[in-house]
Amino acid sequence: MEFLESNPLYVVGIIASVIWLGLFTFLLGLDRRVRKLEARK
Amino acid sequence: MVEFRTRYGVSAVVMFLLVTVAVILFSAPNEQLAPSLMSAFFWIALFFGAMTGLARSFISEEERGTGLLLRLYAPADSVYIGKLVFNVMMMLGLAIAAILFFLFFFTRDFSVQDWPMFLLQLGLGAAGIASVSTILSALIGRAAQKGALLPVIALPVLTPLIIATTDATRITLEHANTWQDIRGDIIILFSFDLVMALFSYVLFEFIWKD
Amino acid sequence: MKFTRSRIFHFVVGIALAVVTFISFSTPMAGSFEDVVNFKMNSGLSKVPVKCTVVRPSFDSIGKKFFGSRDFTGRVMPVSIAGVLPSGEGSTFVADISYDAGHAEYHLEKVVRLDPGMTFPLIPGLGELGRNMLFHVPMSMVAFLAFLMGTINSILYLAKKKSTPEQKMLLDQKARAASAVGLLFTLLSTVTGSIWAKFSWGTFWNWDPREVDIFILLLIYAAYFILRSLLEESEEKKARIAAVYNIIAFASVPLLMFVLPRIAQSLHPGGGGAEAPVINANGKTHTDPTLLGMLWTNVFVFVLLYFWLADLTRRVLGLAEHEEEDI
Chain S
5 MEFLESNPLY VVGIIASVIW LGLFTFLLGL DRRVRKLEAR K
Chain A
120 MVEFRTRYGV SAVVMFLLVT VAVILFSAPN EQLAPSLMSA FFWIALFFGA MTGLARSFIS
180 EEERGTGLLL RLYAPADSVY IGKLVFNVMM MLGLAIAAIL FFLFFFTRDF SVQDWPMFLL
240 QLGLGAAGIA SVSTILSALI GRAAQKGALL PVIALPVLTP LIIATTDATR ITLEHANTWQ
300 DIRGDIIILF SFDLVMALFS YVLFEFIWKD
Chain F
8 MKFTRSRIFH FVVGIALAVV TFISFSTPMA GSFEDVVNFK MNSGLSKVPV KCTVVRPSFD
68 SIGKKFFGSR DFTGRVMPVS IAGVLPSGEG STFVADISYD AGHAEYHLEK VVRLDPGMTF
128 PLIPGLGELG RNMLFHVPMS MVAFLAFLMG TINSILYLAK KKSTPEQKML LDQKARAASA
188 VGLLFTLLST VTGSIWAKFS WGTFWNWDPR EVDIFILLLI YAAYFILRSL LEESEEKKAR
248 IAAVYNIIAF ASVPLLMFVL PRIAQSLHPG GGGAEAPVIN ANGKTHTDPT LLGMLWTNVF
308 VFVLLYFWLA DLTRRVLGLA EHEEEDI
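So the sequence lines, in the order shown, correspond to chains S, A and F. All residue numbers for the first sequence refer to the working numbering, where the first residue is 5 and numbers rise by one. All residue numbers for the second sequence refer to the working numbering, where the first residue is 120 and numbers rise by one. All residue numbers for the third sequence refer to the working numbering, where the first residue is 8 and numbers rise by one.
Since the hints were made in silico from the structure, they are not lab data. Treat the numbers as computed from the prediction; the structure is a model and nothing was measured. C-beta atoms are modelled at their ideal positions from N, C-alpha and C, and glycine is treated no differently. Mixed in with the good hints, there may be bad ones.
When the alpha-carbon atoms are kept at most 35 angstroms apart in a straight line, the in silico DSBU-like pairs for lysine-lysine are as follows [stated by the list, open to error]:
#1 S:K40 - F:K47
#2 F:K47 - F:K117
#3 S:K40 - F:K167
#4 A:K328 - F:K245
#5 F:K9 - F:K117
#6 F:K9 - F:K205
#7 F:K117 - F:K205
#8 F:K9 - F:K175
#9 F:K47 - A:K328
#10 F:K205 - F:K47
#11 F:K175 - S:K40
#12 F:K244 - A:K328
#13 F:K9 - F:K169
#14 F:K9 - F:K167
#15 F:K117 - F:K54
#16 S:K40 - F:K244
#17 F:K175 - F:K245
#18 F:K175 - F:K244
#19 S:K40 - F:K54
#20 F:K245 - F:K9
#21 A:K328 - F:K54
#22 F:K245 - F:K169
#23 A:K328 - F:K175
#24 F:K245 - F:K167
#25 F:K167 - F:K244
#26 S:K40 - F:K117
#27 F:K205 - S:K40
#28 F:K175 - F:K54
#29 F:K117 - F:K168
#30 F:K168 - F:K244
#31 F:K168 - A:K328
#32 F:K244 - F:K169
Covered stretches of chain F, going by a simulated chain S footprint (3 or more residues, C-beta under 8 angstroms) [to be verified]:
#33 163-173
#34 182-196
Quick list of simulated restraints, FRET-style, between CB atoms [unchecked claim]:
#35 F:A229 - A:V129: 31 to 37 angstroms
#36 F:L225 - A:S130: 33 to 39 angstroms
#37 S:S10 - F:M48: 40 to 46 angstroms
#38 S:F7 - F:V44: 29 to 35 angstroms
Please construct the entire structure, taking both the sequences and the accompanying hints into account.
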């Protein structure tokens, strides 16, 4: 905690990473869904 | 095969210009208008005048159902050249009318310091507007809500031209001997016109055929 | 493209972007000894982080002294320190340094990071905000790449007269997907840019030349999709008209992104006939290899992300059209 307080930039970095991880899982999920639909076609 | 049949649009466009000038006069009575404002008003009047006038060139064909006939009897490039020549001439006429109106109504503020350069950049700007709106008006020939669509799609495409030409107009209103100052603008205008005219000529065939 | 479908590619992109984001945030920013003096005189900052190397510790009347070296020129400066040295001879660290003009002397205030590895230069007036460059600039670049790819696909669509309707449909979908992803990246670039502007210029939006141009760019490609949706034609003619518009619209994109911002006076670096964007502390152009290397690495990773996004969008479009055919 102390480390984060003295380096607020890491907080920004963590937020950015969390956003990116969310986006990444969304993209992977979308890819899987598209794959399924394409296979049905 | 030049098309002069769409002549009836001209009077409406000139009226449109006059109304724009009147609105500027009413909204800024007895104001000293700086060259930058004058240049902005001038191009606003010219741009929207052009949009009301030039939008008609293909849309009216579709509305009156003559587009099909034209498609049957004329090759694509001659139709395009005809429309382009007509639109450029109309745009130049519009520009001359705008100059006359502005000289008459804004005698004090609209004092061009460098006429040759002013006319050069005006001609290039007007030709650019004409060629872009020719091809775009052909594009939206059969779209829904066509009247409103042309300014919406033409303004973004024309922005580089508008930025350059308003800048050049402002400079020619400010002082004489402007070649050094507006050279960059003129180069942008010229290359923009050239690229647009070439692209339009090549691409017209694809939108003209069914 | 085949490779954009593979799972391995997806994970490579995912991990690369996470790593690159982490490095972009965690690399410390450090200036030079010159910066300490300049910052104090120009912006009243008393402490500036500097990358120091311990050269030869020695003692004299003032107190403990050690020698720090500058980043590139390697000039050695004496720095006074109150406590003990953080590390031995030859080691590197980043520390807040202040300057005492009365005695013409540097003081070590606080050690920020030991063994920093690489550091980014401190840009005057930006400070830590300068990191945003590592995201903002690649996004604009990828947006341009996307519009370029969209236009290439549009040109191919019109030029390939002999290909089958399926192939043509694919090209049209590719063009649309590329423009959509380009629009997305333009939006991201606008958002990161305006947040940056809020903190370094004071307002979210200034109608700076580049801001005007990016706004127009958004309008151009929004108009592309509006035009397509309003056309009352067959799918084939719709695609043809959209392709023509895309090519015409792209003609003004280089003007908007490269020519006009360099002519007009601008808050962005590189405006008003200035040289290339300033990205190092000395006001020279393109001389900081670390920051530039990181920038291009980020560009590369964003390009990979672009390929994934564009292909995914293309496939979604394909499915949507397939669905319509079934109904």
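Right, here's what the structure says about each hint:
| no. | hint | verdict |
| --- | --- | --- |
| 1 | S:K40 - F:K47 | 61 angstroms, violated |
| 2 | F:K47 - F:K117 | 17 angstroms, holds |
| 3 | S:K40 - F:K167 | 31 angstroms, holds |
| 4 | A:K328 - F:K245 | 13 angstroms, holds |
| 5 | F:K9 - F:K117 | 53 angstroms, violated |
| 6 | F:K9 - F:K205 | 42 angstroms, violated |
| 7 | F:K117 - F:K205 | 30 angstroms, holds |
| 8 | F:K9 - F:K175 | 18 angstroms, holds |
| 9 | F:K47 - A:K328 | 69 angstroms, violated |
| 10 | F:K205 - F:K47 | 24 angstroms, holds |
| 11 | F:K175 - S:K40 | 24 angstroms, holds |
| 12 | F:K244 - A:K328 | 9 angstroms, holds |
| 13 | F:K9 - F:K169 | 23 angstroms, holds |
| 14 | F:K9 - F:K167 | 21 angstroms, holds |
| 15 | F:K117 - F:K54 | 9 angstroms, holds |
| 16 | S:K40 - F:K244 | 30 angstroms, holds |
| 17 | F:K175 - F:K245 | 12 angstroms, holds |
| 18 | F:K175 - F:K244 | 12 angstroms, holds |
| 19 | S:K40 - F:K54 | 58 angstroms, violated |
| 20 | F:K245 - F:K9 | 28 angstroms, holds |
| 21 | A:K328 - F:K54 | 70 angstroms, violated |
| 22 | F:K245 - F:K169 | 19 angstroms, holds |
| 23 | A:K328 - F:K175 | 17 angstroms, holds |
| 24 | F:K245 - F:K167 | 17 angstroms, holds |
| 25 | F:K167 - F:K244 | 15 angstroms, holds |
| 26 | S:K40 - F:K117 | 57 angstroms, violated |
| 27 | F:K205 - S:K40 | 44 angstroms, violated |
| 28 | F:K175 - F:K54 | 61 angstroms, violated |
| 29 | F:K117 - F:K168 | 69 angstroms, violated |
| 30 | F:K168 - F:K244 | 14 angstroms, holds |
| 31 | F:K168 - A:K328 | 13 angstroms, holds |
| 32 | F:K244 - F:K169 | 16 angstroms, holds |
| 33 | 163-173 | violated (count 0) |
| 34 | 182-196 | violated (count 0) |
| 35 | F:A229 - A:V129: 31 to 37 angstroms | 32 angstroms, holds |
| 36 | F:L225 - A:S130: 33 to 39 angstroms | 37 angstroms, holds |
| 37 | S:S10 - F:M48: 40 to 46 angstroms | 27 angstroms, violated |
| 38 | S:F7 - F:V44: 29 to 35 angstroms | 31 angstroms, holds |
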